[in-house]
Every structure is written in C-alpha cells, then in structure tokens.
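Q: Below are the chains, spelled out letter by letter.
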Amino acid sequence: MVERAYARRTMSTTISLRVNGQDERHDVEPNQTLLAFLRDTLDLTGAKEGCNEGECGACMVLVDGRAVNSCLMLAVEADGREIITIEGIGDAEHLHPLQAAFLKHTAVQCGFCTPGMIMTAIGLLAENPDPDEAAVREAMAGSLCRCTGYRQILDAIHEAAGVMRVVPAVEFGMRGPAGPSGVAPGLMAPGSAEAAAGVKVLGLPEMAP
Amino acid sequence: MPLPHFEYVAARTVGEALDLWRERPACAYFAGGTDLLPQMRLGRRAPATIIDIKGVGGLDRIRETEAGLVIGAAVPLAVIETDPVVRADFPLLAECARVVGARPLRNRATLVGNICNASPAADTAVALLVLDGLVRTVGADGARELPVNEFFTGPGRTLLRPGELVTEVVLPRAAVWRGSYLRLSRRRGMDLATVGVLVACSNGASPPRYRIALSAVAPVPLRVRDAEALLDAEGAGGAGGHGWAATIGRAAEIARASCSPITDMRGTAEYRRDMVGVLVARGAAALAQAWVW
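In order, the protein sequence lines correspond to chains X and U. Quick note on numbering: our numbering labels position 2 of the first sequence as 2, and the sequence is numbered without any gaps. Positions in the second sequence are counted from 1; adding 1000 to them yields our numbering.
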C-alpha cells in the first residue's frame, strides 16, 4: 500500500563535507541526491544521471574511499564524509593512470559512462590492486557502456592496475581542486565532446530533463 | 525523475527511531536506500518522513554472541560478503550476498533491507532460510525474535507491524552449511534472479543433513522440507552411494511440485518450474561430488 505524500516540505539542512580535497558547507534539501548536489550545487558535472536506480553506474563517486552510486544516496547523508569525483583524480595535464589507459585503449567513445567507469575502477583497485579478469568483470558489472563493447575498458583497467602497482599512488592520486569551484580547467569547453555527452555547460540555462 | 519531497530525520537510538515513527506521519525506515529510493521515484512508495537508522548505535556491527553471529541492520552487504567470519562459518550467506546488484550498490545495500523489502527473488533470503536465521525487532509492543522461515508472508509483505524496526539478524551456529546458490538470470551481473536454488549440506554432522531453498518461484522465498527429509533419510548411509541419483531425482520432483512460479518478463512459469527441478538435481549432485564423507 502506498502511503500518501504529506504536505510539501522544504526544510533544508546544512551539511559539511570534503569534496575533492576541498571543504564545503551548503544547505541541501532532504530529497536532493548526492548526485544532484554535486552537479547542481558544486557544478561537478562529471558524474552523470543515467538510470537513477543503481543499474548503470554513470553516477559513481567515492564516498570515504568506496565506490557508491550517488543517485541512490541523499545529499544529507554525505554530511561529514569525504567525496571524490572524477574531477578530483586528474585533469587534462595530469591524467590519472586510469584516464591515460582509457585514452590509450580507446575505451572512451561517447564518454557518458566514462567518469563512472573510472570511479568504479578506482574503487576496485583500492581494494584489489591486482585483479584478474573475472574480478574486473565482476567489479564493473554495475557500469554500463553502450559504445565500446567493454573489451577496451577491461584492457584499460588491467593496464592501469599494472601502472598503479609500480608507481606509488601518491604521485597521481586524488588531486585537489584544479580551478574555480573545483572544476578542472580545460575539461568542459562549451561545444566540446563532453558537452555533447550530457555535461552541463556552465553559464548556459539547464536543459529540461 | 526527481525524488518526491519528504522530511529526513536521523535516529541515534532504537528508542528514538520508534518515537520518531510514532510522532511523524507516514514514515519509512531507511538504511541503504537502494530499494526505497527507486520505489519512491516510481511512485510505489511515498513516505512523508524518512528515518535514517544508520547512525543508531550498534546497528553497524557484526558481533559474536552466545546465540550466534549477529549482523546489525545497518551493515552493508559488501561488509558481510568480505567478513572473514561470515566467509568461514556462513559461506552460503557470503555467496548469496555477492550476487545482489553490483559491488558499489552493495557498499550501501544492507542484508536487513534486502529481507524487509521481501522480494520473492531476494537472494540473501534463501541463505537465511537455510541457516535458520532469526530476525530481531523492536516495536511498540517490545522486542520480538522472528524465524526467517516465518518472516515472509507474501510479495513485499512480512510479519513486521507498522513502526516495528528490525535491528539485527542472528545466525545460529548449529552447523556449517555448505553448498551452492544456483541462480539463473537474463544477464550474469546486475539482474534479479529468474530462478534461484540453494542446495546445502551440513558439514561435520553425522549423518549429513540437507537443506533446499528456492527464490523467485513462489510468492515468498521458501524451503522445500519434504525434499530435504527425503535426502536426509536416503543419504544417511553416505551421499553418492547406490541409488543416490534416483533419490536426487525424486527430491527434484518434490521441489518442482512445491513451487508456484508466475510468468513475467524474466521467464515463464513453466520454465521456472522446470529449472527448479534441474537446479535442485544439479545442486544435490554437486554436493555428492564435492564431499568426501
């Protein structure tokens, strides 16, 4: 049986959290997801809204080091947490080994799933630095790509894992914010491929969902 | 689709959670949220108040007690499936937990949420049925301890009363049960089970004892006690002996007859029923091969 919705409530709560190494303090609505908070409030548009039900993985971010579907977490729950998004792991000049490997293996086509793929892979490699093929496939099962056919993505993850086992993580890991509002420069030029893939182009009116 | 509006409150104690439920309208308890939030987006549930129980002291732990291993309501499945004690002593639960969604989902989704959602296809339910798990609750009428084997009453329905909070699940340490969860789905990862069959055998018990649980083939996940009794009786002299294959065939037929599947987008009732027979036989045969008595 469906409970009846009560009167509209807009009681906002103030949350304090760290996002990509930067302290943030904002008012959020109870029904605001972590994904909506990152995209709409912080303009961190790398995480995407795909299925909104935990099937596609496009919204993946790290919460206290673990990969989490940010469409299924409320912003209020992020109070006191450490969040890392794709914007926090590298930029065009300083690619994370996973980003470099995705480019090398052409594991990116339209790019919509890529931030989620990379964050999911970071979550995997943090727990298991040397995963076999089965472990990578299992870890990536919740991240969907409609372009590549997955082989390139799996190859890229294996290669990046090899690099990360040799190079100390601190050399590339978890960069701080690289530009205003934590958005890495050079990644969101209006009209770019990223914009075509669903990135919110800053400064333009938001398209209706 | 955005989430509808609601009030969010975080409880710090069980008593506070119950008070919040009593004082506020149309509440829903909230742990991982991986079932509740999608249901709210689809309009299937519309709580006016969400009571987050993850901050309730003690519910985020797995602990050893005299009654058995106790798993708190806020413990995510990812913690359960990697817990060394669970993996060693309750391997069936670890195995069933690992097939719920993908790993990032299981970083949030909880065991207690999975059984409270009461899907007929709940993967962890079959493990808890075989393990004779107990559900501990606290409600307006006090504390209760409900056998998982009686907990499910229909699709999405349980013995829980309004406002009653499940605090933990107890796994009694009667025996170590081993076996395998044979699960068919349209794709290997990230899909609900079309048919799920868990066939298990107690390790170390003499004579060996068998248990069979089914998911996604009836209004509730269920045990097949008649088939278990048959295997217990015929397997007393040692599984894999003379006539064992015929016994397994009879057990599979009992399981086929005891389920009541429906036809939906994942499969037809006829397919599901046939697969129950196939998988029970396969699971029981695998036990016989894997074990030296």
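No lab work stands behind these hints: they were computed from the structure. A portion of the hints provided could be inaccurate.
Here are the computed distance ranges between Cβ atoms for each label pair [to be verified]:
hint, chain 1, residue 1, chain 2, residue 2, range
1, X, E93, U, G1154, 55 to 61 angstroms
2, U, G1139, X, N128, 49 to 55 angstroms
3, U, D1141, X, C110, 53 to 59 angstroms
4, X, C147, U, M1265, 42 to 48 angstroms
5, U, G1139, X, G149, 27 to 33 angstroms
6, X, R146, U, I1262, 38 to 44 angstroms
7, U, D1141, X, M11, 46 to 52 angstroms
8, X, R146, U, G1057, 25 to 31 angstroms
Backbone N, C-alpha and C define an ideal beta-carbon position, used for all residues, glycine too.
Q: Each hint needs a verdict: does it hold in this structure or not?
A: A quick look at each hint next to the structure:
1. X:E93 to U:G1154: 55 to 61 angstroms: Holds - the Cβ-Cβ distance for E93 (chain X) and G1154 (chain U), about 58 angstroms, lies within 55 to 61 angstroms.
2. U:G1139 to X:N128: 49 to 55 angstroms: violated, 41 angstroms
3. U:D1141 to X:C110: 53 to 59 angstroms: holds, 55 angstroms
4. X:C147 to U:M1265: 42 to 48 angstroms: violated, 26 angstroms
5. U:G1139 to X:G149: 27 to 33 angstroms: violated, 51 angstroms
6. X:R146 to U:I1262: 38 to 44 angstroms: Given range 38 to 44 angstroms: violated, Cβ gap about 31 angstroms.
7. U:D1141 to X:M11: 46 to 52 angstroms: For D1141 (chain U) and M11 (chain X) the Cβ distance comes to about 31 angstroms; the hint is violated.
8. X:R146 to U:G1057: 25 to 31 angstroms: Once the Cβ atoms are compared, 44 angstroms apart, the range 25 to 31 angstroms for G1057 (chain U) and R146 (chain X) is violated.
In this structure, the earlier hints numbered 2, 4, 5, 6, 7, 8 are contradicted, and the remaining ones agree with it.
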